[in-house]
Amino acid sequence: METSCPSTAFISPQMAALLTGKTVRTIHNWLDSGVIAGQQLPSSQVPSGVLRQVDLSSLAAKDQHCLLQGFVDCVKQADSGDAEALNQVGIYFYWSGDHTIASSFFEAAAKKGHADAMDFLSACYFNGKGVEKNQGLGLRWLGSAAALGHSLARGKLRALGFEV
Numbered sequence: 001m002e003t004s005c006p007s008t009a010f011i012s013p014q015m016a017a018l019l020t021g022k023t024v025r026t027i028h029n030w031l032d033s034g035v036i037a038g039q040q041l042p043s044s045q046v047p048s049g050v051l052r053q054v055d056l057s058s059l060a061a062k063d064q065h066c067l068l069q070g071f072v073d074c075v076k077q078a079d080s081g082d083a084e085a086l087n088q089v090g091i092y093f094y095w096s097g098d099h100t101i102a103s104s105f106f107e108a109a110a111k112k113g114h115a116d117a118m119d120f121l122s123a124c125y126f127n128g129k130g131v132e133k134n135q136g137l138g139l140r141w142l143g144s145a146a147a148l149g150h151s152l153a154r155g156k157l158r159a160l161g162f163e164v
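Just so we're aligned, residue 1 is where the sequence shown starts under the working numbering, counting upward by one.
Keep in mind the hints are simulated off the structure, nothing from the lab. Only a predicted model underlies this, so the values are computations on that prediction, with no experimental measurement involved. Warning: the hint list may mix true and false statements.
[To be verified] Mimicking DSSO-like on lysine-lysine, the simulated pairs with C-alpha atoms at most 27 Å apart in a straight line are:
hint, residue 1, residue 2
1, Lys-133, Lys-112
2, Lys-111, Lys-76
3, Lys-133, Lys-111
4, Lys-22, Lys-111
Generate coordinates for the entire structure from the input sequences, incorporating the hints supplied.
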């Protein structure tokens with residue numbers, strides 16, 4: 001896998017906000033002030049007629065780290081709404097210790113029906129990692145993963161005394 005910063009890749013401001021834990025407004029402010037680089041594309045699908053995109057390498061420079069090409073490719077897939085990619089980015093942040101950002105990605109993937117993301121999100125809620133501790137939501141997401149046939153989630157529910 002390549003270890004240097006990849007060539008220019010552009011992502012939506014919404015994805016940039018998820019990656020940094022900032023708001024979309026902050027990302028737009030950074031674009032406006034030149035803190036990060038981006039591009040504007042004509043688009044008839046947005047009211048302003050201009051679609052803004054963020055240069056991922058400038059975002060990486062802002063956070064003082066360099067992204068591997070494989071991760072950049074995964075982020076680009078996640079930006080297009082791919083549930084597996086959203087989950088993979090969540091796993092990256094989870095194991096990097098940034099549970100707040102991870103839980104946002106898990107939730108996005110879980111809402112698209114991704115069972116692994118539901119299982120990870122349940123663990124976040126049960127343990128208060130990146131989200132406020134909430135046993136009810138943890139159980140809800142664990143049950144949803146089990147209902148989709150996720151074997152680990154089913155085992156966890158059995159261990160808690162539920163019949164599955």
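Verification of the hints:
| no. | hint | result |
| --- | --- | --- |
| 1 | Lys-133 x Lys-112 | 22 Å, holds |
| 2 | Lys-111 x Lys-76 | 19 Å, holds |
| 3 | Lys-133 x Lys-111 | 19 Å, holds |
| 4 | Lys-22 x Lys-111 | 21 Å, holds |
Consistency note: the structure conflicts with none of the earlier hints.
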